[in-house]
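Novice: Add chains B, C and D to chain A, keeping to what the hints say.
Residue numbers (our numbering), protein chains in the order written: chain A, 309 to 389; chain B, 309 to 389; chain C, 16 to 176; chain D, 16 to 176.
One or more hints might be untrue.
Stated by the list, open to error - Which chain D residues face chain B? A few, computed with CB under 10 angstroms, are given here:
id, residue
1, 52
2, 70
3, 77
4, 99
5, 111
6, 131
7, 135
8, 136
9, 138
10, 155
To be verified - Stretch by stretch, here's where chain C covers chain D in the computed footprint (C-beta under 8 angstroms, at least three residues):
id, segment
11, 17 to 31
12, 34 to 45
13, 113 to 127
Said to hold, decoys possible - Have a look at the derived ranges for each label pair, beta carbon to beta carbon:
id, chain 1, residue 1, chain 2, residue 2, range
14, C, 29, D, 38, 18 to 26 angstroms
15, D, 22, B, 376, 27 to 35 angstroms
16, D, 85, C, 161, 24 to 32 angstroms
17, C, 73, D, 64, 44 to 52 angstroms
Think of the hints as simulated: they come from the structure by calculation, not from any bench. Ideal placement from N, C-alpha and C gives every residue a C-beta, glycine not left out.
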Amino acid sequence: MVTVKFFAQVREIAGVDSLTISLPQPPTIAALRTQLMRQSAALNDALQGNVLMAHNQTLCNGETKLNEHDEVAFFPPVTGG
Amino acid sequence: MVTVKFFAQVREIAGVDSLTISLPQPPTIAALRTQLMRQSAALNDALQGNVLMAHNQTLCNGETKLNEHDEVAFFPPVTGG
Amino acid sequence: MVFARVQTNDFSQQALYDELCGGAVSQGAGAIVTFTGLVRDFNAQGGIQGIELEYYPGMTESALNALLTQASQRFDIVDAGIIHRVGKLANHAQIVWVGTASQHREQAFLAATFIMDMLKQSVPIWKKEWQGDQATWVVAKTNDDKAAMRWLSENQDNACD
Amino acid sequence: MVFARVQTNDFSQQALYDELCGGAVSQGAGAIVTFTGLVRDFNAQGGIQGIELEYYPGMTESALNALLTQASQRFDIVDAGIIHRVGKLANHAQIVWVGTASQHREQAFLAATFIMDMLKQSVPIWKKEWQGDQATWVVAKTNDDKAAMRWLSENQDNACD
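Isolated chain A, as found in the complex (with noise of 0.2 angstroms):
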């Protein structure tokens, strides 16, 4: 299982702050996004287009490989400052 967070815009497109989900094949996470997006209507709107993503809170891209236990988050480009 990996934990899914999401923020900002993409948090309340999604309608959920977090979810588990199981491992993706191939276990990356570009395929866990697909797969997301697959799931709902909501979690299709909420990552599309210009989605930053982090893996075990660092920023990550696509190709990044995922473990048992991991952190995922994706989130809208940053606004702080």
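Specialist: Same frame as chain A, but now just chains B, C and D:
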């Protein structure tokens, strides 16, 4: 008459904070400086080399014309901040 | 030495300045630069009534600390700190504070500019603006990307050469 | 709006910050940058025991005000201030404070950098350093001339392009 002020090293070497002197001929700061340097060994030493000049409290160069009651100052490159 | 905090409560300029200088003066610091970001009372659409900031507990703090480490490696600074507020903030409230201490003023200015540019592009914090009872997420600015890219495309420590 | 003062007594970071922000927030300021210069406890020759600053009453204040006017014309700032201390100052004491307020952080950073660079080259203030019972006048730095020249040789508002 013009008022002449000295600051920092220039003041210490001149051995005087300020003095008054009659308008030089020609009435320029360069002529005033030459006249002062002839007046004493101390003033000669004080006004040698890289000395900045101000006319009525604005930085100026040797060409600057003087009038009666003007204020002139001589001082080294600044080191504040 | 360096410090980074995410908090809901307000911060004191004097307290943060004192915290930054505490260790920095004994390390030869002669130049302190601070940046403070405030909530503006308008956006391109008109007046707003405050903002709300969301963050990613854990990752946000790590990203701020990583940014301070980067700044310390890249610039000749002896100390630096970042405070970022989250939650609801009224118009004119303080949002973020960045402070840098160096022996040389140029390095203190560059490090503070770098930290703010990179923070706006890489630290997971998101802002929404309130207009009446509607809150709208702020869209990331192309300008902010450009400001960050400037540092990434350089091999030099100095943004101006 | 802008303020410039020469004084012997110390200054408070909080009081100056509040003075700068007082009018600035209603003019849309979202970015405040401050610079503080401190007395360092050493020079190239070794440890020092404080400094002493001389100024030109009248001209120094005019030069500081002229510098703020220049900065306001050159950069997109809504307010700015300078405080410079004179007289005897102990090691680690505050010497100078510069603050700028702008709608945009880049302009606030550039204006503060500009004011410090130009102050070091054009404002009549002179520093001597105490070592034991000997005081030595500080010699103007070539680096400070270069920093100021950078601004004079530019047609652009931005030092980095």
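Novice: Are the hints correct? Go through all of them and say.
Specialist: Right, here's what the structure says about each hint:
| no. | hint | verdict |
| --- | --- | --- |
| 1 | 52 | 6 angstroms, holds |
| 2 | 70 | 8 angstroms, holds |
| 3 | 77 | 6 angstroms, holds |
| 4 | 99 | 6 angstroms, holds |
| 5 | 111 | 6 angstroms, holds |
| 6 | 131 | 6 angstroms, holds |
| 7 | 135 | 4 angstroms, holds |
| 8 | 136 | 7 angstroms, holds |
| 9 | 138 | 6 angstroms, holds |
| 10 | 155 | 4 angstroms, holds |
| 11 | 17 to 31 | holds (count 3) |
| 12 | 34 to 45 | holds (count 5) |
| 13 | 113 to 127 | holds (count 6) |
| 14 | 29(C) with 38(D): 18 to 26 angstroms | 20 angstroms, holds |
| 15 | 22(D) with 376(B): 27 to 35 angstroms | 34 angstroms, holds |
| 16 | 85(D) with 161(C): 24 to 32 angstroms | 27 angstroms, holds |
| 17 | 73(C) with 64(D): 44 to 52 angstroms | 48 angstroms, holds |
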